[in-house]
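> As a plain string of letters, each chain reads:
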Amino acid sequence: MNGIPMEHGLILAAILFAIGLAGLMFRRNMVFVLMSLEIMLNSAGLAFIVAGTAWEQPEGQAMFLLVITLAAAEASVGLALLIQLYQRFRTLDTDAVSGMRG
Amino acid sequence: MELAFYLSGLVAVLATLGVVTGTNAVHALLYLIVSLIAVAIVFFALGAPFAGALEIIVYAGAIMVLFVFVVMILNLGQGAAEQERIWLKAQTWVGPSILAAVLLGVLVITLWRGNTGLVIEGETLTAKAVGATLFGPWIIVVELAAMLLLAALVTASHVGRLPSATSGEHSGGDQ
Amino acid sequence: MGVSMSYLPLTFLLPLLGTFILALSRGHMSERGSVWVGVSSVGLAALVTAFITIQFMSGDQSAQTLTLWTWISVGNFTPTIGLALDGLSITMLGIITGVGFLIHLFAAWYMRGEEGITRFFAYMNLFVFSMVLLVLGDNLMLLFLGWEGVGICSYLLIGYYYRDSANGAAAFKAFLITRIGDVFLAIGLFLIFAELGTLNIAAILEQAPAHWATGDSLVRWAALMFLGGALGKSAQLPLHTWLADAMAGPTPVSALIHAATMVTAGVYLIARMHGIFDLAPDVLHLVGVIGAATLLMAGFAALAQTDIKRILAYSTMSQIGYMFLALGVGAYDSAIFHLMTHAFFKALLFLSAGAVIVSCHHEQDMRKLGGLWRRLPLAYMGFIVGGAALSALPLVTAGFYSKDDILWQSLAADQKGLLLAGLVGALLTSLYTVRLIIGTFHGEMKSDHARNAEPGRGLQHGLPLILLAVLSTFIGAMIHPPLSGVLPASPGESTEAGHTALELIAAGTAIAGIALAAWLFLRKREALARLVSGGPGASLWTLWNQAWGFDLLFDRLLVRPFRILVFILRRDIIDALFGLVASITKGLNAGLTRTQTGRVRTYATSMVLGATVVLIFLAFGQ
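Protein chains in written order, with this note's numbering: chain A, 1 to 102; chain B, 1 to 175; chain C, 1 to 622.
Everything labelled a hint here was simulated from the structure, so no lab data went into it.
Glycine is no exception: its CB is placed at the ideal position from the N, C-alpha and C atoms.
It is possible that part of the hints are untrue.
Among chain A residues calculated to face chain C with C-beta under 8 angstroms, some are [what the hints assert, rightly or not]:
| hint | residue |
| --- | --- |
| 1 | L21 |
| 2 | L24 |
| 3 | M25 |
| 4 | R88 |
| 5 | T94 |
| 6 | S98 |
| 7 | G99 |
| 8 | M100 |
Model the full assembly from the supplied sequences, consistent with the hints where possible.
Structure (structure tokens):
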């Protein structure tokens with residue numbers, strides 16, 4: 001074999017993204033919802049890396065750094081919300097907070 | 001190199017499936033860490049060692065530790081896994097999974113048809129090149145990322161307060 | 001422009017600042033803080049007014065103006081935010097801020113522990129702001145702004161205890177009826193502007209005699225429109241029915257708005273626009289006739305009331321009737337003089353009534369009070385001094401000098417009918433005043449509220465009563481409003497022969513009224529009770545109690561037909577068409593509401609569905 005076709009890398013990213021998306025849609029536990037979000041963000045980062053290495057440009061990795069930053073921010077806020085949810089409702093069920101129908 | 005890519009790719013997919021179908025939060029987190037490390041190996045294989053190192057340090061290290069801490073704080077107990085099993089009935093996951101599969105199919109077909117012919121040789125792009133990009137033309141983006149982190153810090157410390165500290169806010173008001 | 005002029009805007013900016021602070025505190029302010037802000041803003045305004053007055057009186061007392069900025073500029077219509085200071089406005093300013101401050105101080109005692117005290121003081125400060133603008137404005141547009149401002153504050157404060165829907169109805173009634181007058185005033189403004197091309201008061205008074213001949217039909221219409229506005233605001237016939245119901249508000253509000261200041265705005269307006277009225281003598285005469293009719297009507301109505309605040313309300317109408325009478329005979333300065341003394345003694349009476357009402361746990365029906373003079377000495381003193389001034393007890397009271405002046409001017413203007421009405425009114429005034437005092441303070445205590453009355457304490461309660469009592473005596477009459485350069489001289493000179501004779505007659509009437517009332521209500525109580533319990537006496541009592549049935553008349557004449565009309569219009573076929581549009585929207589809304597489940601998963605799924613469809617179109621579209 002002589003190198004990896006870019007499509008293979010991108011398809012791997014797409015598969016991970018789809019799995020994360022499915023998880024986001026069918027999990028009710030907020031911990032799992034947040035983990036699915038992390039998976040999706042990570043797959044987006046993977047796509048950046050794949051494209052960056054395919055064109056041999058460092059921008060892909062720079063962009064990945066931003067994705068990680070975003071993931072860190074998202075995780076901290078999401079986990080804070082999760083703690084609030086648990087403190088107020090004694091559950092991690094996201095459907096429990098549908099009272100406002102927002 | 002190719003072998004490492006396909007093998008760790010397979011591990012990543014399987015581990016990720018383990019995450020979304022798991023019932024125990026700690027187990028799922030461990031799966032997620034495995035998945036992240038597998039993706040990090042993919043990065044190494046693709047010739048992006050800097051990103052791979054970051055993936056392990058920041059993602060699998062810092063963020064996942066945060067998750068583990070939170071799960072430990074909540075101390076969900078025995079009933080949680082049972083509850084998950086009840087929630088994970090076939091009619092709940094089949095629909096979303098089909099939808100995600102359709103989306104995946106569309107993406108794959110699109111990728112297949114738009115054949116670029118680009119092949120990743122595995123040439124190493126060093127941290128030096130990334131740093132030169134980040135602190136050269138991308139400096140404003142780095143600043144924005146810093147601001148984003150600050151905002152997240154403030155938000156998390158505000159939202160994450162215990163209810164007793166916020167109870168004073170809901171009193172008052174004329175009539 | 002003197003130094004004092006530059007401080008003039010403070011007189012209305014300080015109350016406005018108070019309003020803002022109180023309104024923006026959103027109820028987070030403590031009661032103490034609200035009282036401090038509310039009272040001190042008006043107190044500071046009163047201090048500024050005192051300073052300006054001293055400067056003004058030591059100067060040449062000429063009119064000064066201060067233009068702050070141009071308000072609107074459309075073609076040649078450029079009303080300014082301009083202030084005019086002359087003898088008339090400084091008199092009004094003194095009454096508004098001075099008496100206003102005392103009433104605010106008293107309100108701090110009266111309203112303690114009430115719900116929403118911040119709101120109360122915010123409205124009161126807003127009222128002072130509007131009223132000061134009304135009297136300081138150098139053009140009719142600014143005057144109109146203040147005019148509407150005091151109207152809305154009156155509405156808000158009458159309906160202050162909004163939990164009782166009757167209070168809301170009273171506020172609504174006051175607002176609607178004064179609105180009729182306001183529309184007249186607005187038409188008058190349009191007319192003046194169309195004819196003279198300016199709304200500046202000084203310019204109007206200067207140009208009017210050159211533009212119109214005396215008795216010109218247009219100037220008569222203009223004067224009539226102004227009169228209409230004044231009738232609504234000052235509760236004169238036939239737009240008077242709101243004032244008695246306006247007593248639903250807290251008593252300090254009745255004292256400030258519905259006795260001392262706002263209701264006299266009509267008198268101020270006519271005095272201010274005297275140049276227009278001088279050109280329309282028959283309208284001016286109509287002013288006097290309306291005043292005389294009102295003072296008689298309200299005097300009789302006051303005789304048959306049992307609620308102490310309603311008695312005072314009808315007496316206010318009656319006293320404003322005197323002012324209109326004075327205006328009608330061209331004695332503008334007598335009207336303003338009576339306005340001032342009336343502000344003192346009527347504020348005193350209302351505040352004393354407030355003291356009684358609070359002490360007796362909000363009991364204000366005279367039939368359930370009585371015998372309070374030993375328990376509430378300060379309120380009793382207030383009623384005695386204020387009542388004496390109201391019934392114009394000779395020599396020692398302020399009311400005597402001002403009322404006597406009005407009667408004398410009507411004689412000097414050779415208006416015998418008006419003079420007679422004034423004298424009969426004076427007799428009625430004495431009668432109902434004595435009835436009020438005897439009913440409230442003498443005899444046996446008729447309810448537990450009266451038996452358990454607790455006298456008010458503290459500076460906030462005592463100081464306003466004592467100061468106003470001092471001002472209601474002859475000391476208040478020594479304040480002579482500096483009106484000589486502003487208003488035309490009155491027809492009669494006080495040195496002329498016949499003045500002393502009239503003074504004696506007026507004094508005799510007042511004393512006779514008091515004596516008659518004391519005899520009737522102390523000695524002949526049973527006979528009176530028999531008189532009103534059956535036969536023609538009873539129906540006369542009912543008629544007076546209902547204030548000659550104006551409410552009923554308006555109800556039959558205006559309200560009922562309007563309601564019938566509304567009832568017919570509501571079943572309109574075209575309306576159903578618009579109703580269809582509304583119901584379609586409502587149906588769609590109901591459908592969309594169902595998708596709003598509040599579940600994050602559902603939202604995520606629908607987002608993904610949308611994204612997938614879009615992607616499919618993008619991928620396989622071509």
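> Could you tell me which of the hints above the structure violates, numbers in ascending order?
4
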